[in-house]
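For the protein sequence lines, the chains are A and B, in the order given. Residue numbers for the first sequence, in the working numbering: 607 to 869. Residue numbers for the second sequence, in the working numbering: 6 to 311.
No lab work stands behind these hints, which were simulated from the structure alone. From the three backbone atoms N, C-alpha and C, an ideal C-beta is built for every residue, glycine too. Treat the hints with care, as some may be off.
As the list claims (entries may be wrong) - Restraint-style ranges between C-beta atoms, simulated for each label pair:
1. 271/B <-> 722/A: 21 to 27 Å
2. 84/B <-> 648/A: 24 to 30 Å
3. 629/A <-> 155/B: 45 to 51 Å
4. 729/A <-> 143/B: 26 to 32 Å
5. 788/A <-> 267/B: 54 to 60 Å
6. 679/A <-> 205/B: 52 to 58 Å
Said to hold, decoys possible - Lysine-lysine pairs mimicking DSBU-like chemistry, simulated, CA-CA at most 35 Å apart:
7. 82/B <-> 772/A
8. 678/A <-> 84/B
9. 686/A <-> 84/B
10. 774/A <-> 82/B
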Amino acid sequence: MLEIKNLSRTFFPGTVNERKALRNINLNLSDGEFVTVIGSNGAGKSTVLNMVAGKLQPDTGSVSIAGKNVTKMADYSRAKYIGRVFQDPMAGTAPTMSIEENMALAYARGRFRGLSLGVGSKRRELFVEELKSLELGLEGRLKTKVGLLSGGQRQALSLLMATFSKPKILLLDEHTAALDPQRAALVSRLTKEIVERHQLTTLMVTHNMEQALQLGTRLIMMHDGQIILDLDQEEKSRMTVQDLLDEFSKIKGAQLDDKTMLQ
Amino acid sequence: MITAVELGLIYAIMALGVYLTFRILDFPDLTVDGSFTTGAAVASVGIVNGMNPWLATVLAFFAGMVAGVITGLLHTKGKIDGLLAGILTMIALYSVNLRIMGKANTPLLGEETLISPMRAAGILGSAASVAILFGVCLVFVAAIVWFLHTELGMAMRATGDNQEMIRSFGVSTDNQKILGLALSNGLVALSGAVIAQYQGFADIGMGIGLILIGLASVIVGQAIFTQRYIWLAAIAVVFGAVIYRLVIQLALSAGLEVNDMKLISAVLVVVALLLPKWKGFQKIVKSFKRTPTPVTESKEEVRTNA
Numbered sequence: 607m608l609e610i611k612n613l614s615r616t617f618f619p620g621t622v623n624e625r626k627a628l629r630n631i632n633l634n635l636s637d638g639e640f641v642t643v644i645g646s647n648g649a650g651k652s653t654v655l656n657m658v659a660g661k662l663q664p665d666t667g668s669v670s671i672a673g674k675n676v677t678k679m680a681d682y683s684r685a686k687y688i689g690r691v692f693q694d695p696m697a698g699t700a701p702t703m704s705i706e707e708n709m710a711l712a713y714a715r716g717r718f719r720g721l722s723l724g725v726g727s728k729r730r731e732l733f734v735e736e737l738k739s740l741e742l743g744l745e746g747r748l749k750t751k752v753g754l755l756s757g758g759q760r761q762a763l764s765l766l767m768a769t770f771s772k773p774k775i776l777l778l779d780e781h782t783a784a785l786d787p788q789r790a791a792l793v794s795r796l797t798k799e800i801v802e803r804h805q806l807t808t809l810m811v812t813h814n815m816e817q818a819l820q821l822g823t824r825l826i827m828m829h830d831g832q833i834i835l836d837l838d839q840e841e842k843s844r845m846t847v848q849d850l851l852d853e854f855s856k857i858k859g860a861q862l863d864d865k866t867m868l869q
Numbered sequence: 006m007i008t009a010v011e012l013g014l015i016y017a018i019m020a021l022g023v024y025l026t027f028r029i030l031d032f033p034d035l036t037v038d039g040s041f042t043t044g045a046a047v048a049s050v051g052i053v054n055g056m057n058p059w060l061a062t063v064l065a066f067f068a069g070m071v072a073g074v075i076t077g078l079l080h081t082k083g084k085i086d087g088l089l090a091g092i093l094t095m096i097a098l099y100s101v102n103l104r105i106m107g108k109a110n111t112p113l114l115g116e117e118t119l120i121s122p123m124r125a126a127g128i129l130g131s132a133a134s135v136a137i138l139f140g141v142c143l144v145f146v147a148a149i150v151w152f153l154h155t156e157l158g159m160a161m162r163a164t165g166d167n168q169e170m171i172r173s174f175g176v177s178t179d180n181q182k183i184l185g186l187a188l189s190n191g192l193v194a195l196s197g198a199v200i201a202q203y204q205g206f207a208d209i210g211m212g213i214g215l216i217l218i219g220l221a222s223v224i225v226g227q228a229i230f231t232q233r234y235i236w237l238a239a240i241a242v243v244f245g246a247v248i249y250r251l252v253i254q255l256a257l258s259a260g261l262e263v264n265d266m267k268l269i270s271a272v273l274v275v276v277a278l279l280l281p282k283w284k285g286f287q288k289i290v291k292s293f294k295r296t297p298t299p300v301t302e303s304k305e306e307v308r309t310n311a
């Protein structure tokens with residue numbers, strides 16, 4: 607469903623700040639696969655996500671979604687295939703518009719937006735049904751401005767908006783990191799339920815190793831612009847957070863040794 | 006006084022255009038200073054050359070749209086700062102407007118215009134003309150409110166609200182801005198066309214400082230009316246435009262001169278911007294809103310005690 611081939615990107619080439627963000631990344635997600643991505647700061651996790659979303663262009667390599675090469679497509683053009691939830695709970699919704707209007711904006715993803723009313727009575731029924739699945743009581747507050755909701759509510763709504771039109775790929779960019787533990791647990795649970803219900807092919811970046819182990823069917827670890835560990839569901843289920851940390855320091859250590867030998 | 010209301014209602018169409026860019030798109034567009042005159046020039050030259058005044062006014066609307074598209078292209082494709090893009094188009098339009106008119110002033114004396122039948126019927130300056138113009142304003146308000154609730158219009162609102170988000174739902178924010186600027190400047194030019202027909206001439210300087218009148222109308226209206234609903238906000242803009250004209254009228258009758266108008270406009274905008282921030286004003290507003298609440302609170306207490 608998602609095919610990432612030989613993706614490389616260097617930031618600030620030719621300057622003292624030159625940094626290789628991605629070194630020849632290859633990653634294939636089959637239909638319905640839910641991959642969690644962990645790694646240190648600056649490992650390239652968000653860069654990969656931004657390249658899939660079209661926010662960043664790679665120097666070399668390609669991104670294909672459902673067999674279609676989207677590497678050169680603008681972010682808003684390829685948005686018809688992609689649902690996205692951002693880290694900032696404020697980023698995924700329009701604050702001065704009501705809950706039902708936000709749902710309508712999401713509903714029209716990838717379709718032609720013409721002069722028909724955004725929120726008709728038939729659509730409103732659909733929105734109510736979808737909002738009920740969140741179990742936050744938002745279905746009774748359709749006319750409420752989204753700016754008045756709490757961060758957790760807004761993030762849950764963002765998640766629903768990104769998913770209910772069934773995108774080919776769902777991108778989650780540390781979408782629980784800015785929430786308090788209770789809200790983060792709620793959004794994690796909703797993520798699991800929604801991805802399973804719609805069988806969404808998902809790429810989730812997280813800093814939370816426990817979350818990375820709990821959610822998803824596959825786990826990859828990135829470091830210094832490379833994928834250094836790739837675990838399938840069975841391997842993942844046997845892992846603990848401590849195992850992951852050990853694995854991380856082992857691989858990182860090995861690399862450090864290599865470098866010292868070269869010098 | 007009635008003349009001030011009539012003028013206010015015609016300028017209200019321009020203010021609705023400014024509302025579209027300034028409030029909905031969150032884009033401070035200065036093109037309006039130029040496109041207002043463009044509208045007046047196109048309509049006047051058309052009418053003087055024997056064109057049907059309705060057709061001439063519609064043509065003015067499209068001329069304004071073109072001006073808006075140019076600012077939009079400069080900003081989105083040329084990546085020029087929004088304020089500067091507007092200023093560039095505005096300055097360029099000064100020459101274009103002179104080219105359209107061929108001179109600095111085009112009189113419409115004795116021509117058949119949109120206003121001349123009203124003048125001939127003797128209803129200009131009466132309650133009837135105010136009612137007609139108010140009705141026209143309401144039609145525009147209704148059209149704008151309807152548009153902003155369509156899928157396209159909602160995408161435009163979201164563009165002003167959260168660009169990143171609406172792009173992630175497949176909307177080109179560039180196209181939305183260009184469309185918004187086109188519609189806005191179309192309305193501004195239309196307003197300019199009607200003003201020219203109302204006052205009987207188009208003048209190269211008639212658009213100077215116009216953005217302030219637009220902003221004053223939007224901000225004054227907003228200071229008085231709640232912004233909870235779009236239709237209320239849009240009607241507030243119409244009332245804001247009328248109130249602005251009445252304030253100008255008062256200032257004139259208090260002995261100030263026409264030449265002082267730009268200063269008064271600027272002061273009015275500053276007052277409308279600063280007044281809501283002043284604590285004393287907030288207290289007054291609150292005291293209006295608070296009155297009913299203590300009653301329900303005491304009831305709650307009784308209930309919990311029982």
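We went through each hint and held it up to the structure:
no. : hint                        : result
1   : 271/B <-> 722/A: 21 to 27 Å : 42 Å, violated
2   : 84/B <-> 648/A: 24 to 30 Å  : 28 Å, holds
3   : 629/A <-> 155/B: 45 to 51 Å : 47 Å, holds
4   : 729/A <-> 143/B: 26 to 32 Å : 28 Å, holds
5   : 788/A <-> 267/B: 54 to 60 Å : 56 Å, holds
6   : 679/A <-> 205/B: 52 to 58 Å : 54 Å, holds
7   : 82/B <-> 772/A              : 32 Å, holds
8   : 678/A <-> 84/B              : 20 Å, holds
9   : 686/A <-> 84/B              : 25 Å, holds
10  : 774/A <-> 82/B              : 30 Å, holds
The structure shown violates just one earlier hint, number 1.
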